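Use the sequences and the hints to build the structure in full.
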Amino acid sequence: MNKVIFELRNVCFSYHGKFPALRGIDISIGQGQKITFIGANGSGKSTLLHLLDGLIFADKGSIKFFGEELNERCFSDANFSRIFRRAVGLVFQNSDVQLFCPTVKEDIVFGPLQLGIERKEIESRLERVTSILNLNNLFERSPHQLSIGEKRKVAIASTLMINSDVLILDEPTAGLDPLTARHIIDLLLQENQSGKTIITSTHDLHIVEEISDTVYVLGQEKNIVATGSPEEILRDSRLLEDNNLVHIHTHRHKDKMHIHSHQHLEHHQ
Amino acid sequence: MSKGNNFIEYSIAGALSFLKESIFADEYATKEGFLQSLDPRIKVITFLLFISAILFTKSITISLCLYAICLALAYFSNVNMWFFLKRTWIFIPIFSLFIAIPAIFNIFTPGEVLFTLKLLGLKLIITQQGLFTAVLFVTRVIASVSFAVLLSITTKHFALLKVLRIFGIPQVFVMTLGMCYRYIYLFLEVVENTYLAIKSRVGTRLHYKKGQQIIAWNISSLWHRSYYLNEAVYNAMLSRGYTGEPALLNDFRVKSKDWVWLFFTTVFFVILLYLNRK
Ligand SMILES: Nc1ncnc2c1ncn2[C@@H]1O[C@H](COP(=O)(O)OP(=O)(O)OP(=O)(O)O)[C@@H](O)[C@H]1O
Ligand SMILES: [Mg+2]
Chain A
527 MNKVIFELRN
537 VCFSYHGKFP
547 ALRGIDISIG
557 QGQKITFIGA
567 NGSGKSTLLH
577 LLDGLIFADK
587 GSIKFFGEEL
597 NERCFSDANF
607 SRIFRRAVGL
617 VFQNSDVQLF
627 CPTVKEDIVF
637 GPLQLGIERK
647 EIESRLERVT
657 SILNLNNLFE
667 RSPHQLSIGE
677 KRKVAIASTL
687 MINSDVLILD
697 EPTAGLDPLT
707 ARHIIDLLLQ
717 ENQSGKTIIT
727 STHDLHIVEE
737 ISDTVYVLGQ
747 EKNIVATGSP
757 EEILRDSRLL
767 EDNNLVHIHT
777 HRHKDKMHIH
787 SHQHLEHHQ
Chain B
92 MSKGNNFIEY
102 SIAGALSFLK
112 ESIFADEYAT
122 KEGFLQSLDP
132 RIKVITFLLF
142 ISAILFTKSI
152 TISLCLYAIC
162 LALAYFSNVN
172 MWFFLKRTWI
182 FIPIFSLFIA
192 IPAIFNIFTP
202 GEVLFTLKLL
212 GLKLIITQQG
222 LFTAVLFVTR
232 VIASVSFAVL
242 LSITTKHFAL
252 LKVLRIFGIP
262 QVFVMTLGMC
272 YRYIYLFLEV
282 VENTYLAIKS
292 RVGTRLHYKK
302 GQQIIAWNIS
312 SLWHRSYYLN
322 EAVYNAMLSR
332 GYTGEPALLN
342 DFRVKSKDWV
352 WLFFTTVFFV
362 ILLYLNRK
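Those protein sequence lines, which keep their order, are chains A and B.
When you read off a place in the first sequence, starting at 1, and then add 526, the result is the number in our numbering.
When you read off a place in the second sequence, starting at 1, and then add 91, the result is the number in our numbering.
Keep in mind the hints are simulated off the structure, nothing from the lab.
Accuracy of the hints is not assured; some may be wrong.
If the Cβ cut is set under 8 Å, some of the chain A residues that face chain B in the computed set are [said to hold, decoys possible]:
1. L581
2. F583
3. A604
4. N605
5. E666
6. I688
Think about it this way: if two alpha-carbon atoms lie no more than 20 Å apart in a straight line, the pair counts; the simulated SDA-like pairs of lysine to any residue are [said to hold, decoys possible]:
7. A:K586 / A:R535
8. A:K544 / B:Y318
9. B:K122 / A:E666
10. A:K722 / A:I674
11. A:K544 / B:S312
12. A:K586 / A:E666
13. A:K722 / A:L705
14. A:K529 / A:H709
15. B:K122 / A:N663
16. A:K544 / B:K122
17. B:K122 / A:Q671
18. A:K544 / B:H315
19. A:K544 / B:S143
20. B:K122 / A:F626
21. A:K544 / B:Y319
None of these values were measured; they are calculated from a predicted model.
Here a beta-carbon is modelled for each residue, glycine too, at the ideal position from N, C-alpha and C.
Structure, rendered in structure tokens:
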């Protein structure tokens, strides 16, 4: 397989030392993979993504990035920190925290400016990203005054601008209208085609099959309870029900996914 | 009952939006106008000149003149006059209550008697010198506060922080300032949202007593939540490569217009200094 980017061994994390958020996570993520984390609310998805982005650090166990252990010390090295930030981008679950500049445009170019990317290059990226996400008419607006979906689009744009090899997205399609969600999935697939690693967390089982080649299910105990291809995981309706992921039944018809709500129980018999 | 409650409600909502509007009115910094078109460094220098001229002057006329210049600058920078006046005059009552008003009486400023007041059997004498001192004080406060406010609303917050760095203010200080700024914003945001959330849960006919309880209960959680949010925003900045020194979109460029402006303010400042010596 390709090179391993992230290697997690028995990673545990708790907030303020008393609210456990992850218990013993073992994963390895290879270059060019499409990874999805699914799980109930509070199962630790966001926490895991923040760990991968080097924003918080494991209490126990180790996280390696290209073989180098991530901890607070290595981020105090300006050089390493710059390389890491250029390589890994995160779209936060809460767009409000991600957007802090006075205008949308400044927010979008914030990342590449901090990372010292050339002005010309920034311009061309800006053009590409904003035309895909259709953001041109929002440039001079204040991010705080946008709708939730618009905020999310701006947040995604501001991370895409970094053009990182690893793209981490915390529930990228939550709150988006179907067409925009579609655009974003297409965009992610396109990025993946060009060799990028895509790591997402989601509750939206409809998109799981497309955006992942490996799915990890995080359980109520805040550990990984299942791993597999999206087909395997989505077929296991017991597993999904146990993890609050369906109140609807999922099954296959002639190789196509169908998702039915409980009302169609007779359909199953 | 509903009348009183409405008043409280409106005043909370009004105070919040006023605070937000007045501290974070970045809208003026992005407008087209004279001050916005100046290089931030030059702008800061010239504003410091104006403010020190105000602090040096002993003449009411000169400080009024400077105040007029400030208003004119605001006008040419497309700042809404009503907003600007509201925002600057709010400081006056605070200052005058503690400093200017006591100063007019003979107890603090002896001098020629202007007129005498009888209050609760106390004989209060207002002196000419006292009145002069008080008026001078108020005009100086209003003029310097106006300049400071004008500078802050016509300059982008990141740009201002960058200028501070350029002028050699230590990084730790500038960073703390930036954090405070964001912190206050987030705090206000949280207050506002909580207020809306209470309203949506309890309904508009919130009983006064009950409202007080809820607010008291919430104050501590408010600090907590805004602290948490602040931390999250900081993480989001780190995630995109922030290292404590914000890189700006437009690098500063001094144009000939800036030099002309700097030249005129310096000459003006020197003239004022000269006038003051007499
Ligand atoms: N700042 C925090 N302080 C304390 N505990 C926290 C904090 N953030 C999260 N937690 C706890 O950590 C656990 C995992 O939270 P996390 O946000 O990672 O879940 P999640 O899977 O992303 O949930 P969701 O689907 O709701 O986004 C939860 O039990 C939560 O209560
Ligand atoms: Mg989450």
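Under the constraints set out in the numbered hints, which ones does this structure not fulfil? 2, 4, 10, 12, 13, 14, 16, 19
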